[in-house]
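Colleague: Make the complex out of the two chains shown on their own, each in a separate frame, by following the hints.
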Amino acid sequence: MKRYSAWNVFRNGLSDQKKWDRVWRDPDPKKSYDVVIIGGGLHGLATAYYLAKNHGIKKVAVLEKGWLGGGNAGRNTTIVRSNYMMPDNRRFYEHSLKLWENLSHDLNFNVMFSQRSHVSLFHSPAARDAAARRYNTMRVMNSDGELWDLNRLKREVPHLNYGPDARFPILGAAVQPRAGTARHDAVAWGYARAADSYGVDILQNCEATGVTRAGNQVVSIETSRGLISTKKLGFAVAGNTSRLWRIAGLGRLPIESHKLQAFVSEPLKPLLDQVLAFGVGGAHFYISQSDKGGMVFGGDIDWYKSYAQRGNLPIVQDVAECAMSILPCLGRVRLLRHWAGIMDMSMDGSPFICKTPLSNLYLNAGWNYGGFKASPASGWFFADLIANDQPDPIIANYDLDRFSRGYNIDERGAGPDPKLHG
Amino acid sequence: MIRINCPFCGFRDHSEFTYGGDASIVFPDLDASSEAWIDAVFHRDNIDGVQRETWHHVHGCRMWVVVTRDTVTHEISAVEPAHQGIKLVLEAMTGLSSSDEDQQP
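So the protein sequences, as listed, match chains A and B.
Using the numbering used here, you'd call the opening residue of the first sequence number 223 and step up by one each time.
Using the numbering used here, you'd call the opening residue of the second sequence number 7 and step up by one each time.
With the rest of the complex left out, here is chain B (with noise of 0.2 Å):
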């Protein structure tokens, strides 16, 4: 079981979240060219080692959150709100980067 340090609900088991997939994608604008958003859509790292990745944590909070985890060992050295402005937010109201709080107990 992986142990995921959700950023408002604390350490929780993997399986109260999905995983969403790479966080390193940008989607083109609307209007980009096919050969842009086949490559975003399509087209993956796939990284043996340590990658970005969203994850909802679905029975809990239900927030979406970006983990940074070693996809060979599935050591993870953060998770952070997936959203800019409630990242910023948290990171005001706790006066603390959430990378700095990822040590499993």
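So that you can see chain A by itself, here it is in the shape it has in the complex (with noise of 0.2 Å):
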């Protein structure tokens, strides 16, 4: 791998910039590997790098059914943050902050990481004294975490619908500063030409369609692109999880597929320089802006479960709504593009990242709506798993069999009942 550096673009720019090399190779597959991981998306990319990097597992193979960045790693608002509670979530969403604040220099590609805090409004009292709550908890357990009151919240963004005519008046805002945004592709594509250069093959255009068993251990795998054995398999295929887990035979999962949709406007000149969040009665509503000047937002999934990656009309016209309730200056921007992505919704919110019941297989899964900014703690922990054979500490409690202990990590309080977990 050609290091990127100024000398480099120097150096090249002498010959047109012409002479740089593929960004990762396109190998065709070999018959074995040490490992596979099915699903090319960023957890399974992440997966892969940390396999190599960490563990020194470099005879490995990603397997993604489409290309690089087509599934929900390009399907998201490229949100960071590690405003977590619950004691589990709060120290593996804050890893994964932390890889992030250094992850460009690791993989030596430009993420685009900004800082720029997350900002999330409150409106009652009793709004406040919960956010205080959860952001008293993350300091003590040594994140950052402000609260801003009504005449910061106005100096730091200006354009909010402060009016008395409000629905939903601002009271102020919780706010994690070392929160932000980061290129969802540039992460995928970062992963990708990190993990090429340690030898790992990524493989696109490669469907898994067969798990070849012995007992309980896979043997092998059948693809698109011919039988491929391994010693360990990985699934990071979120979305699609339940459909791999019966072709490799294994029943029922705690998780139900629905969509999320996501938008981006035309580009705008700066207008707002943090992630913004709005979230009362029966609105749901994050944005931030692109540093092309795109407003990137979304909003709730589409209330039903589905695999159709396209999004349903109703949520649109919720998001608006919410969009003109908080930043009333949107009214006549346009839509540029909007898309859908297929959420593994989990039974209390919470991810897996666990053992199976088939011993050499593991599992990575149930993201829910908060994928993107897991990816790179989840990569560090999977691998972790795959190499070791057991779950790190911090994500022991992310297993199948949470459910029968009674240990539901509910974020929400939603209950049992996966549309809920938003």
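It is worth saying that the hints were derived from the structure and are not from the lab.
Where is the CB? At the ideal position from N, CA and C, for every residue including glycine.
Please note that a few of the clues may not be correct.
Which chain A residues face chain B? A few, computed with CB under 10 Å, are given here [stated by the list, open to error]:
#: 1; residue: T463
#: 2; residue: R474
#: 3; residue: L475
#: 4; residue: S528
#: 5; residue: Y529
#: 6; residue: N534
#: 7; residue: L535
#: 8; residue: P536
#: 9; residue: Q539
#: 10; residue: D566
#: 11; residue: D570
#: 12; residue: F625
#: 13; residue: P638
#: 14; residue: K641
Modeller: Here's what the structure looks like:
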């Protein structure tokens, strides 16, 4: 891998920037690997990278049925934060945020991580107290959190609807200054390039169609590019986990597939410096401005189970209403693009990074809305689990058996109904 | 927009309804084993294809209906009252089975 540096840009400038190598290879599948990861999204690619880098396991393949960045890696609103309160999530997402803070240097690829702060509005004294509790929990666990009163908020985010006619008058905001956004494509490409440089084979257009077992052990995977045998297998295909689980002959999971829409507007001049979240009553809305100027925003899932990667119109209206309610200055902004991705909505809103009923199969799934911010730590701990065959204490409760232990990691307290874990 | 042919109100936008969930779940007896309860409460088939699911016509007649829908294409092949007794009464009154009249206009 040729490192990206000012010197290399200068040197290649002498040959019109035409002598750069491919960013990653496009190899044919080998007959066998030490580890195969199904799913070339951010989690799968990060897993392959950390397997090679942290554990020295380099005979690894990542299978992607489409192209890199074509699934949920490219279907999110790129928000990174760690403002979770439940102990397991607190530790996990904080670890992820720390990895984000050094990710561009680590990968030698600019993922454009911008710690522009995450500003979560509150509209009632009760909501302020709940936010204070959550953000104090974060502070005692060595993260960062602030409460902004109305004066501070007006200074920092001047364009919100502070008027007396606001349906939900704004009282202030809970803020995580270290939170922010990153460029999602760059994260996929950065992990792919870095993993490839260790010798990991990234196999695009390679769909897993069958899992061959000998008893409770995986022997090989049937793919659209031939049979591949492996010593260990990892699933990282959020959205399609249940399908793959059935292909492996394993029955049911505490997961339902729902779709989540996201939107980007035409580019505007700088308007919003932070990531803004608005959630009160029936509203659920989050927005930031990309470096190109587009307003990137989203809201709730579509409220019914679906495997269709296309969104419905009532949610478009719902999200537009939220936007108008909080940022009325967006009223005449035109929508540029809008898309939907399939989410693994789990029964308590928290993920799974765990062993499975098969001795050499490992599961990474159930990311609900939160997969993008989780991807570095998800890859980190999934690689650790696969390499050592036992979970790090931080992810010990991200297992499939936690429901039978009565250990629901239910951040929202919404109960066992996947569609409610927003 | 999905259009659901409510057996009581006719074709309505899905935004009049709220989605319940998988209609195939059968809750066990109260004194059943905790494994049986954990399975019913937490585990799902999560079918990519035709599934039976409950919807509540909350902004209409407020009846629960069972919709047979493809989760990939969103095509609906049947809508029937969730309550078996009401379903029988409705079929006796209209003289048809609710699954005969599902094609969208």
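Colleague: It remains to establish, for every hint, whether it holds in the given structure.
Modeller: So, going through the hints one by one against the coordinates:
no. : hint : verdict
1   : T463 : holds, 8 Å
2   : R474 : holds, 4 Å
3   : L475 : holds, 7 Å
4   : S528 : holds, 6 Å
5   : Y529 : holds, 5 Å
6   : N534 : holds, 6 Å
7   : L535 : holds, 6 Å
8   : P536 : holds, 4 Å
9   : Q539 : holds, 9 Å
10  : D566 : holds, 9 Å
11  : D570 : holds, 9 Å
12  : F625 : holds, 4 Å
13  : P638 : holds, 5 Å
14  : K641 : holds, 7 Å
Hint violations for this structure: none, all hints satisfied.
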